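Student: Sequence:
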Amino acid sequence: MQTNPPKGEELDGNLIAPRLDKLARIRELGLSPYPDQFAQTHTLKEVVTFNPEAPDTPTKFAASGRLMRINHMGKSSFAHIQDDGHRLQLYFQKDTLGEESYSQFVDLFDLGDFLGAEGKLFKTRTGELTLRVEQYLMLSKSLRPLPEKYHGLQDPETRYRQRYLDLISNKNTRNIFVARTKVVSAMRHFLDSSGFIEVETPTLQPLYGGASAEPFTTRYRVLDRDFYLRISDELYLKRLVIGGLDRVYEICKDFRNEGIDRTHSPEFTMMECYQAYSNYLDMMDLTERLVAHIAVHVNGTTSAAFGDNELNFNPPWNRLDFRESILNTVGIDLDDFIEAKQLASESLKAGVKTNPELGLAKVQDQLFEATVVPTLIQPTFVHDFPLSMSPLAKELSDKPGYAARFEPYAGKMEFGNAFSELNDPQEQRRRFLMQAEAIKLGDAEAQQLDEDFIRAMEHGMPPTGGLGIGIDRLVMLLTGNQNIREVILFPSLRTLE
RNA sequence: GGGCCGGUAGCUCAGCUGGUAGAGCAACGGACUUUUAAUCCGUCGGUCGUGAGUUCGAAUCUCACCCGGCUCACCA
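Heads up: the first sequence at position 8 corresponds to 8 in the numbering used here, and the numbers run straight through without jumps.
Source of the hints: derived by calculation from the structure; they are not laboratory data. Predicted model only: the values in this text are computed from it and were never measured. A couple of the hints might just be wrong.
Unchecked claim - Taking lysine-lysine pairs in the PhoX-like style, the calculated list, with each CA pair at most 25 Å apart, reads:
#1 Lys-60 - Lys-149
#2 Lys-341 - Lys-353
#3 Lys-412 - Lys-353
#4 Lys-149 - Lys-123
#5 Lys-440 - Lys-353
#6 Lys-141 - Lys-75
#7 Lys-60 - Lys-120
#8 Lys-75 - Lys-149
#9 Lys-75 - Lys-123
#10 Lys-171 - Lys-182
#11 Lys-75 - Lys-94
#12 Lys-341 - Lys-440
#13 Lys-94 - Lys-22
#14 Lys-60 - Lys-45
#15 Lys-412 - Lys-182
#16 Lys-75 - Lys-120
#17 Lys-45 - Lys-123
#18 Lys-253 - Lys-141
#19 Lys-253 - Lys-182
#20 Lys-182 - Lys-45
#21 Lys-75 - Lys-60
#22 Lys-60 - Lys-182
#23 Lys-22 - Lys-171
#24 Lys-75 - Lys-22
#25 Lys-412 - Lys-253
#26 Lys-171 - Lys-141
#27 Lys-45 - Lys-171
#28 Lys-141 - Lys-123
#29 Lys-123 - Lys-94
#30 Lys-149 - Lys-45
#31 Lys-149 - Lys-171
#32 Lys-341 - Lys-253
#33 Lys-349 - Lys-412
#34 Lys-141 - Lys-94
#35 Lys-22 - Lys-60
#36 Lys-141 - Lys-22
Given the sequences, and given the hints that come with them, work out the whole structure.
Tutor: As structure tokens, this is what we get:
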């Protein structure tokens with residue numbers, strides 16, 4: 001839609017002009033439309049907790065916020081100010097303020113302006129807590145109108161492009177992002193108190209790795225070579241475990257140059273943590289406890305409404321063997337197929353199209369995605385993935401061809417990945433070389449050989465469990481949003497010319 | 001990328017069997033000293049996403065393009 005993208009210089013039109021006029025009149029009166037400060041006695045959040053009838057209630061409140069509603073009624077006016085998600089009603093009375101002060105409020109203030117007001121609290125006839133204004137001050141003049149007061153801002157495009165308007169007028173939007181912040185802080189708190197230390201590793205990387213994805217490429221001018229925006233921080237965090245940081249984690253943006261849809265954003269936030277002397281089963285346990293802890297911190301309970309379902313993150317979660325999950329769902333036993341083409345044709349019988357030219361692992365993955373994933377509503381660990389799909393994970397000693405790896409699922413959506421980290425450098429080299437074959441087959445997402453990483457591993461790496469959790473998707477699950485754009489403040493959209 | 005749906009006033013939406021636009025909120029003027037989606041009277045406000053085409057005449061029909069939503073494909 002062309003209606004709303006900010007046009008910058010064009011501050012005209014008959015909705016803007018009256019505001020500019022008022023701005024000029026404020027200045028003519030020798031007042032500042034943008035004063036330096038206002039001495040608040042209470043935030044709105046605090047004010048709304050008072051009962052005006054209680055004996056210990058202060059006789060003066062000075063509070064401030066954005067004007068969201070004004071009712072002029074001749075010699076008195078009601079208004080609402082909003083701040084930090086809280087609202088307070090103000091009552092302006094000619095008798096209280098005096099003729100000049102009262103009419104200045106009526107003449108010079110618009111919806112959207114910031115205002116500071118001082119006075120006493122009382123309750124209206126209908127019982128609403130209200131501040132009887134004795135003095136007030138313009139704190140900031142607004143030049144553009146707000147979205148409609150009742151319906152708010154509905155248009156999804158404008159909500160994403162001008163998120164500030166969405167935050168002002170839609171309480172639910174605000175709630176989502178407050179919840180998101182709580183998710184991250186609860187995660188940090190849990191990990192910090194479990195002995196993990198938070199680190200920062202490079203966003204710009206000379207080689208990309210740690211995941212299967214196409215990267216964004218950028219030019220590092222001084223070094224005169226291409227760099228990549230990280231698709232993962234895995235290989236750097238493992239170097240740190242090698243360096244003796246036994247429990248590390250990082251929460252950061254990863255970038256993947258791929259499609260955008262309801263569950264994928266090209267830049268998204270990931271938490272990855274690594275714990276020496278543990279394995280993927282320990283990570284499974286960690287995941288359950290971590291997510292349950294976060295859910296309680298955010299929602300007050302381990303359950304969350306998601307679409308038509310009520311998800312319950314209370315441990316223990318379901319556990320589902322990868323091979324068995326496909327066997328039980330479509331009756332195909334992966335162990336019966338060594339060739340990509342065979343499995344692909346068998347999959348097709350079950351109604352699933354795959355790309356056999358990309359190799360067996362890809363076909364297995366596509367079959368799993370199409371058949372098993374849609375059944376995974378309640379939190380579930382899918383474990384023991386085919387080794388060929390897991391170039392950085394250890395092979396299970398009692399299950400050749402399968403990796404000590406799991407992914408947590410909920411709401412038909414993967415939201416993490418974990419394994420017993422491969423720490424045999426010679427085996428790691430072989431795995432990278434297999435990935436090189438996949439690249440030749442046309443798999444644009446296969447992983448690059450990272451000699452420096454192997455060199456680090458050759459110095460000795462302890463047995464280590466690693467876990468990644470997609471923050472955006474976890475927030476989706478805990479806040480009941482089925483679209484990733486609803487949990488990202490400024491989601492990627494095409495630029496408007 | 002395919003399919004479907006949408007883009008009309010600042011916002012929320014009508015209008016779409018072709019006759020160049022309406023409502024509510026917002027704004028402006030007026031009435032109103034406990035309103036709260038305040039109410040009542042009056043007024044202003046639109047290159048109907050963009051560009052072509054058909055037509056005497058296009059918001060409306062056709063085509064192309066732009067932007068968004070859903071969906072399928074792709075993508076862990």
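Student: Does each hint fit the structure? Answer for all of them.
Tutor: Cross-check of the supplied hints:
1. For a cut-off of 25 Å, the pair hint linking Lys-60 to Lys-149 is broken: about 29 Å separates their Cα positions.
2. Of the pairs offered as hints, the one joining Lys-341 and Lys-353 holds, with about 11 Å between alpha carbons and a cut-off of 25 Å not exceeded.
3. This hinted pair checks out: Lys-412 and Lys-353 have alpha carbons roughly 19 Å apart, not beyond 25 Å.
4. Using a Cα cut-off of 25 Å, the hinted pair Lys-149 and Lys-123 holds, with the two alpha carbons roughly 23 Å apart.
5. Of the supplied pair hints, the one linking Lys-440 and Lys-353 holds, its CA atoms being roughly 22 Å apart against a limit of 25 Å.
6. Restraint check for Lys-141 and Lys-75: satisfied, since their Cα atoms lie roughly 23 Å apart, inside the 25 Å limit.
7. Distance check on the hinted pair: Lys-60 and Lys-120 sit about 5 Å apart at the alpha-carbon level, within 25 Å; holds.
8. About 24 Å separates the Cα atoms of Lys-75 and Lys-149, which keeps this hinted pair within 25 Å; it holds.
9. Between Lys-75 and Lys-123 the alpha-carbon distance is near 19 Å, which keeps this suggested pair within the 25 Å criterion.
10. Note on Lys-171 and Lys-182: the hinted pairing holds, with a Cα-Cα distance of about 17 Å set against a maximum of 25 Å.
11. With a CA separation close to 5 Å, the supplied pair Lys-75 and Lys-94 stays within the 25 Å bound.
12. With a C-alpha separation of about 17 Å, the suggested pair Lys-341 and Lys-440 falls inside the 25 Å cut-off, and the hint holds.
13. At roughly 20 Å between alpha-carbon atoms, Lys-94 and Lys-22 fall within 25 Å of each other, so this suggested pair holds.
14. Only pairs whose Cα atoms come within 25 Å are accepted, and Lys-60 paired with Lys-45 is accepted, the gap being roughly 16 Å.
15. In summary, the hint linking Lys-412 to Lys-182 is supported, as the alpha carbons are separated by about 23 Å, within the 25 Å threshold.
16. Proposed proximity of Lys-75 and Lys-120 is supported: the alpha carbons are some 19 Å apart, at most 25 Å.
17. Restraint check: the Cα-Cα separation between Lys-45 and Lys-123 comes to about 17 Å, which is no more than 25 Å; the hinted pair holds.
18. For the hint pairing Lys-253 with Lys-141, the CA-to-CA distance comes to about 36 Å; that exceeds 25 Å, so the pair is violated.
19. At most 25 Å may separate the alpha-carbon atoms for a hinted pair to count; Lys-253 and Lys-182 meet this at roughly 17 Å.
20. Taken as a hint, the Lys-182 and Lys-45 pair is honoured in the structure, with Cα atoms around 18 Å apart against an allowance of 25 Å.
21. Between the alpha carbons of Lys-75 and Lys-60 the distance comes to roughly 23 Å, so the proposed pair stays at or under 25 Å and holds.
22. Note on Lys-60 and Lys-182: the hinted pairing is violated, with a Cα-Cα distance of about 34 Å set against a maximum of 25 Å.
23. Pair hint Lys-22 plus Lys-171 does not hold up; C-alpha atoms about 29 Å apart against a cutoff of 25 Å.
24. About 20 Å separates the Cα atoms of Lys-75 and Lys-22, which keeps this hinted pair within 25 Å; it holds.
25. The hinted pair formed by Lys-412 and Lys-253 meets the criterion: a straight-line CA distance of about 23 Å does not exceed 25 Å.
26. A distance of roughly 23 Å separates the Cα atoms of Lys-171 and Lys-141; the hinted pair therefore holds under the 25 Å criterion.
27. Restraint check for Lys-45 and Lys-171: satisfied, since their Cα atoms lie roughly 15 Å apart, inside the 25 Å limit.
28. Of the pairs offered as hints, the one joining Lys-141 and Lys-123 is violated, with about 29 Å between alpha carbons and a cut-off of 25 Å exceeded.
29. Distance restraint check for Lys-123 and Lys-94: the Cα-Cα separation of roughly 18 Å lies within the 25 Å cut-off, and the hinted pair is therefore satisfied.
30. Between Lys-149 and Lys-45, the direct Cα distance comes to roughly 21 Å. Compliance with the 25 Å bound is thereby established for this hinted pair.
31. At roughly 12 Å between alpha-carbon atoms, Lys-149 and Lys-171 fall within 25 Å of each other, so this suggested pair holds.
32. Straight-line distance between C-alpha atoms of Lys-341 and Lys-253 comes to about 37 Å, which puts the hinted pair past the 25 Å bound.
33. Distance check on the hinted pair: Lys-349 and Lys-412 sit about 23 Å apart at the alpha-carbon level, within 25 Å; holds.
34. Between Lys-141 and Lys-94 the CA atoms are separated by roughly 22 Å; this keeps the pair inside 25 Å, and the hint holds.
35. Restraint check: the Cα-Cα separation between Lys-22 and Lys-60 comes to about 29 Å, which exceeds 25 Å; the hinted pair is violated.
36. For the hint linking Lys-141 to Lys-22, the alpha-carbon distance of about 9 Å falls within 25 Å, and the restraint holds.
Checked against the numbered hints given earlier, this structure breaks hints 1, 18, 22, 23, 28, 32, 35; the rest are met.
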